[in-house]
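Colleague: Make a model of the complete structure from these sequences and hints.
Number of protein chains: 2
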Amino acid sequence: MSGWLAIAGLGPGSDDLVTPQVQAALAEATDVVGYIPYVARVPDREGLTKHASDNRVELDRARHALEMAASGGRVVVVSSGDPGVFAMASAVFEALDTGPDEWKTFDVRVLPGITAMLAASAAAGAVLGHDFCAINLSDNLKPWALIEKRLRLAVEADFACAFYNPRSKARPEGFGRALDVLQSVCAPGRLITFARAVSTPDEVLQTVPLRDATPEMADMRTVVLLGSSQTRMIARPDKAPLVYTPRRVPL
Amino acid sequence: MSGWLAIAGLGPGSDDLVTPQVQAALAEATDVVGYIPYVARVPDREGLTKHASDNRVELDRARHALEMAASGGRVVVVSSGDPGVFAMASAVFEALDTGPDEWKTFDVRVLPGITAMLAASAAAGAVLGHDFCAINLSDNLKPWALIEKRLRLAVEADFACAFYNPRSKARPEGFGRALDVLQSVCAPGRLITFARAVSTPDEVLQTVPLRDATPEMADMRTVVLLGSSQTRMIARPDKAPLVYTPRRVPL
Numbered sequence: 123m124s125g126w127l128a129i130a131g132l133g134p135g136s137d138d139l140v141t142p143q144v145q146a147a148l149a150e151a152t153d154v155v156g157y158i159p160y161v162a163r164v165p166d167r168e169g170l171t172k173h174a175s176d177n178r179v180e181l182d183r184a185r186h187a188l189e190m191a192a193s194g195g196r197v198v199v200v201s202s203g204d205p206g207v208f209a210m211a212s213a214v215f216e217a218l219d220t221g222p223d224e225w226k227t228f229d230v231r232v233l234p235g236i237t238a239m240l241a242a243s244a245a246a247g248a249v250l251g252h253d254f255c256a257i258n259l260s261d262n263l264k265p266w267a268l269i270e271k272r273l274r275l276a277v278e279a280d281f282a283c284a285f286y287n288p289r290s291k292a293r294p295e296g297f298g299r300a301l302d303v304l305q306s307v308c309a310p311g312r313l314i315t316f317a318r319a320v321s322t323p324d325e326v327l328q329t330v331p332l333r334d335a336t337p338e339m340a341d342m343r344t345v346v347l348l349g350s351s352q353t354r355m356i357a358r359p360d361k362a363p364l365v366y367t368p369r370r371v372p373l
Numbered sequence: 123m124s125g126w127l128a129i130a131g132l133g134p135g136s137d138d139l140v141t142p143q144v145q146a147a148l149a150e151a152t153d154v155v156g157y158i159p160y161v162a163r164v165p166d167r168e169g170l171t172k173h174a175s176d177n178r179v180e181l182d183r184a185r186h187a188l189e190m191a192a193s194g195g196r197v198v199v200v201s202s203g204d205p206g207v208f209a210m211a212s213a214v215f216e217a218l219d220t221g222p223d224e225w226k227t228f229d230v231r232v233l234p235g236i237t238a239m240l241a242a243s244a245a246a247g248a249v250l251g252h253d254f255c256a257i258n259l260s261d262n263l264k265p266w267a268l269i270e271k272r273l274r275l276a277v278e279a280d281f282a283c284a285f286y287n288p289r290s291k292a293r294p295e296g297f298g299r300a301l302d303v304l305q306s307v308c309a310p311g312r313l314i315t316f317a318r319a320v321s322t323p324d325e326v327l328q329t330v331p332l333r334d335a336t337p338e339m340a341d342m343r344t345v346v347l348l349g350s351s352q353t354r355m356i357a358r359p360d361k362a363p364l365v366y367t368p369r370r371v372p373l
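Respectively, the protein sequence lines represent chains A and H. Under the numbering used here, the letters of the first sequence match residues 123 to 373, in that order. Under the numbering used here, the letters of the second sequence match residues 123 to 373, in that order.
Do not take every clue at face value.
Same chains, same label: a pair holds when it works inside one copy or across any pair of copies.
To be verified - Cross-link-like lysine-lysine pairs, in silico, DSSO-like; alpha carbons within 30 Å at most:
#: 1; residue 1: Lys226; residue 2: Lys291
#: 2; residue 1: Lys226; residue 2: Lys361
#: 3; residue 1: Lys172; residue 2: Lys361
#: 4; residue 1: Lys291; residue 2: Lys361
Calculated directly from the structure, the hints in this document are not laboratory data. As the structure is a computational prediction, the values presented were derived from the model and not from experiment.
Modeller: Next up, the structure:
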């Protein structure tokens with residue numbers, strides 16, 4: 123009896139952004155494991171057991187999934203977006219790294235998905251169309267000083283930036299601190315895009331100059347994209363503007 | 123007669139990484155436009171005209187696609203990976219930004235895809251599992267000094283890094299220069315992964331300590347992932363190692 127574990131990305135929300143590879147893994151699975159709203163996206167069927175758990179129990183969830191695979195289960199851990207971008211893949215490997223040797227004997231695969239920042243960049247145009255960085259603004263697992271250092275260096279490098287987890291109930295003030303840093307070191311006209319619930323019926327996109335950005339523009343379902351100094355906006359009559367970063371950087 | 127333009131990502135190579143959204147756009151298209159090997163991935167069918175062009179003519183290709191959409195065509199510009207990551211989306215918006223006003227009147231959509239770095243990170247484990255950056259190492263459109271500045275700042279920020287276009291026939295020495303910079307500023311044991319032709323039958327993954335990396339390990343089909351200082355490797359008996367960046371950064 124040979125089990126396996128797949129760590130799969132469901133994309134940002136719309137079913138037409140789920141890859142056939144992930145659909146195939148879900149069709150073969152005996153068990154699906156994940157955060158409640160992500161597990162809810164997987165249709166019920168005979169032979170499939172769903173194990174939904176709350177946020178902030180990632181390591182427990184990872185160990186549970188590994189135990190079931192070790193017992194012969196065909197287990198899919200689901201994340202939204204891409205499981206390798208601020209999601210479950212690293213948590214599973216942390217558990218595997220420190221767990222029993224048996225967990226190193228069965229197949230473990232990561233099945234990539236469309237991550238929120240790339241869906242958001244596409245919805246707005248091509249905000250991340252040149253060199254860019256992705257920063258998780260949550261200070262649950264790293265010191266705030268490191269976040270602030272990375273923000274300053276990212277601006278010095280003139281990267282476009284994607285910010286995940288700008289706000290949560292537990293950290294209502296975190297994004298305001300990040301905005302303060304950015305507004306102190308960037309030109310006031312730098313473009314910033316707030317992309318909420320991308321690819322779902324609740325999708326809202328808003329692009330403003332950094333000087334006009336406020337903490338309330340982001341919530342738990344928002345990914346924030348900061349343009350580089352080169353990022354431009356194309357106005358169109360009766361259509362949403364297009365925000366893009368050119369490929370060319372002048373000397 | 124209302125045309126539209128979609129800029130679509132075909133993913134890194136495997137058909138099971140093409141999203142249903144992109145498949146649907148291709149099924150409705152009258153014209154497909156792109157670099158020769160990407161257009162070749164789209165199956166022939168009646169009513170579909172394929173316009174394949176060589177590398178390095180991105181702006182001409184973009185203008186041609188916009189002209190056809192303006193004339194009522196349902197046009198899909200195809201990129202490999204994600205069209206918004208060092209691919210055709212920015213080129214199309216550069217053309218649109220400086221083109222006739224008519225080009226601002228029809229629908230233009232970007233359809234995201236699985237970009238090479240995230241497929242490579244998944245194939246290796248979760249190399250980009252925490253804060254990271256993506257840098258195009260080609261100096262065709264930006265000065266080498268800016269690339270070197272970004273490399274040094276990315277290391278100072280302790281980002282994991284993805285490097286696109288490490289080598290080409292026209293720039294055989296570029297990646298060696300980048301490696302020299304990285305080897306001069308990173309610890310010699312920092313992990314670096316060379317991911318070639320990810321998700322295709324030619325896929326090869328190789329992870330070594332930075333001290334052992336050589337320019338020849340990358341070619342035109344390679345994306346290179348540099349771990350952060352925290353990135354770890356899990357050895358497994360009779361299986362490929364897993365390379366991952368933990369979510370937690372110690373104080």
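Colleague: Hint by hint, note whether the structure agrees.
Modeller: Comparing the hints with the structure gives:
1. Proximity of lysine 226 to lysine 291 under the C-alpha cut-off of 30 Å is found in neither arrangement, the shortest distances being 37 Å within a copy and 40 Å between copies.
2. Taking the shortest alpha-carbon separations for lysine 226 and lysine 361, only the inter-copy value of 8 Å comes in at or below 30 Å, while the best intra-copy value is 52 Å.
3. With identical chains, the CA atoms of lysine 172 and lysine 361 are at most 30 Å apart between copies only, with a shortest distance of 29 Å across copies and 42 Å within one.
4. Proximity of lysine 291 and lysine 361 under a CA criterion of 30 Å is satisfied in neither setting, with 34 Å inside one chain copy and 42 Å between copies.
Consistency note: the structure conflicts with the earlier hints numbered 1, 4.
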